[in-house]
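Based on the sequences and whatever the hints tell you, model everything.
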Amino acid sequence: MSETRPFSLEMSDGRELLGILHTPERPGPRPTIVVCHGFKGFMEWGFFPHLAELLSERGFAVVRFNFTGAGMRPGDVLVTDTEAFRRATFSQDLRDLKRVVSALDREIGKGRIDLQKIGLFGHSRGGGIATLAAAQESWKNKIQALVTWASVSTFDRASVDEKEIWRRRGYIPVVNSRTGQQLAIDAMVLEDLERLRRQLDPCAAGAARKAPWLIVHGDRDETVPVSEARLLAAQAAAPCELRLIAGGDHTLGAKHPFDGPTPHLVEALNATQEWFRTHLG
9 MSETRPFSLE MSDGRELLGI LHTPERPGPR PTIVVCHGFK GFMEWGFFPH
59 LAELLSERGF AVVRFNFTGA GMRPGDVLVT DTEAFRRATF SQDLRDLKRV
109 VSALDREIGK GRIDLQKIGL FGHSRGGGIA TLAAAQESWK NKIQALVTWA
159 SVSTFDRASV DEKEIWRRRG YIPVVNSRTG QQLAIDAMVL EDLERLRRQL
209 DPCAAGAARK APWLIVHGDR DETVPVSEAR LLAAQAAAPC ELRLIAGGDH
259 TLGAKHPFDG PTPHLVEALN ATQEWFRTHL G
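Residue numbers (this note's numbering): 9 to 289.
Do not take every clue at face value.
[Claimed, not checked] No farther apart than 25 Å at their CA atoms in a straight line, the calculated lysine-lysine pairs in the DSS-like style are these:
no., residue 1, residue 2
1, K125, K106
2, K171, K148
3, K118, K148
4, K125, K148
5, K171, K125
6, K118, K106
7, K171, K118
8, K106, K171
9, K150, K106
10, K263, K125
11, K263, K106
12, K148, K218
None of these hints come from the bench; they were simulated from the model.
Written as structure tokens, this is what we have:
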């Protein structure tokens with residue numbers, strides 16, 4: 009079992025970012041992986057704790073956290089800060105991730121983080137955010153490995169008609185299928201995407217990054233079509249590997265609460281730990 013320590017980071021606008029650091033029993037600085045959840049996800053969802061524990065048992069320090077727009081605190085089962093969720097922009101997610109990586113070996117895990125061996129992991133929307141981060145000009149040589157599962161190739165997922173309604177109404181409704189909770193996304197999220205479209209392009213980021221990238225995707229993904237994985241891989245700079253999971257859905261069969269790994273999830277976990285061990289050591 010790894011040792012776990014909660015952490016809290018204050019953002020420049022006063023928001024609080026909360027997370028957990030997993031450290032292996034082996035002492036000293038360790039290669040470190042930062043884990044990014046997806047839309048309507050959170051750091052305690054389904055496979056994330058299992059993934060963190062597995063990687064820590066393999067000798068990595070692992071950081072998982074809630075994006076400040078998740079609207080959830082550790083232990084929450086519902087979105088408790090619906091306004092934070094409503095106003096969670098893609099650029100805010102990217103700032104959150106950059107804040108976490110910048111805090112490594114200072115506010116997070118001092119003496120336990122090897123800053124020369126940093127990897128990023130992201131699922132779905134979090135995969136797109138992790139890819140953007142790996143392509144940041146000042147970070148290209150700092151991120152040494154990238155793994156994404158079911159990553160989006162674009163954040164622009166609404167039709168023209170849906171966007172018109174979104175702007176006119178000022179929000180679009182969404183339902184949390186896990187809880188039935190009625191939520192909303194503010195029009196400012198669309199404005200953020202349209203204003204920063206070039207900076208918020210996962211395909212362009214995939215072509216610009218340097219870190220070796222493993223793209224994992226279920227070929228029966230009902231949320232993010234497998235065609236998006238193929239597009240990311242086709243436009244990505246080398247080194248990049250596309251691993252399709254035959255029969256795998258968006259979460260590779262995992263549910264919340266987590267009741268153990270499925271064969272699809274085991275295949276993805278094995279590929280992921282192998283990738284990080286190869287490229288982070």
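TODO: Please work out if K263 and K106 have their alpha carbons no farther apart than 25 Å.
DONE: violated, 28 Å
Open item on the list: Can you confirm whether the C-alpha distance between K118 and K148 stays at or below 25 Å?
Closed with: Holds - the C-alpha atoms of K148 and K118 are around 23 Å apart, at most 25 Å.
TODO: Could you grab the alpha-carbon distance between K171 and K118 and see if it respects the 25 Å cut-off?
DONE: Status violated; Cα separation ~45 Å.
TODO: Would you check the hint for K150 and K106, treating anything up to 25 Å between C-alpha atoms as holding?
DONE: Holds: K150 and K106 sit about 12 Å apart, inside 25 Å.
Open item on the list: Check the hint pairing K118 with K106 against an upper bound of 25 Å on the C-alpha distance.
Closed with: Roughly 17 Å separates the two Cα atoms, so the pair holds.
Open item on the list: Checking one constraint from the list: CA of K125 to CA of K148, max 25 Å. Satisfied?
Closed with: Holds, at roughly 12 Å.
TODO: Would you mind confirming whether the straight-line C-alpha gap from K106 to K171 stays at or under 25 Å?
DONE: Answer violated: K106 to K171 is near 29 Å, above 25 Å.
Open item on the list: Checking one constraint from the list: CA of K171 to CA of K148, max 25 Å. Satisfied?
Closed with: violated, 34 Å
- [ ] For the pair we were handed, K125 and K106, check the Cα-Cα distance against 25 Å.
- [x] Distance of about 16 Å is within 25 Å: holds.
Task: Pair hint outcome, K148 versus K218 [Cα-Cα no greater than 25 Å] - done: holds, 6 Å
TODO: With a cut-off of 25 Å on the C-alpha distance, tell me whether K171 and K125 pass.
DONE: Judged against 25 Å, a Cα distance of about 41 Å means the pair is violated.
Task: 25 Å limit on alpha-carbon distance, applied to hinted pair K263 and K125 - done: Measuring from Cα to Cα gives roughly 31 Å; hence the hint is violated.
The structure fails to meet hints 2, 5, 7, 8, 10 and 11 from the earlier list, while all remaining hints are met.
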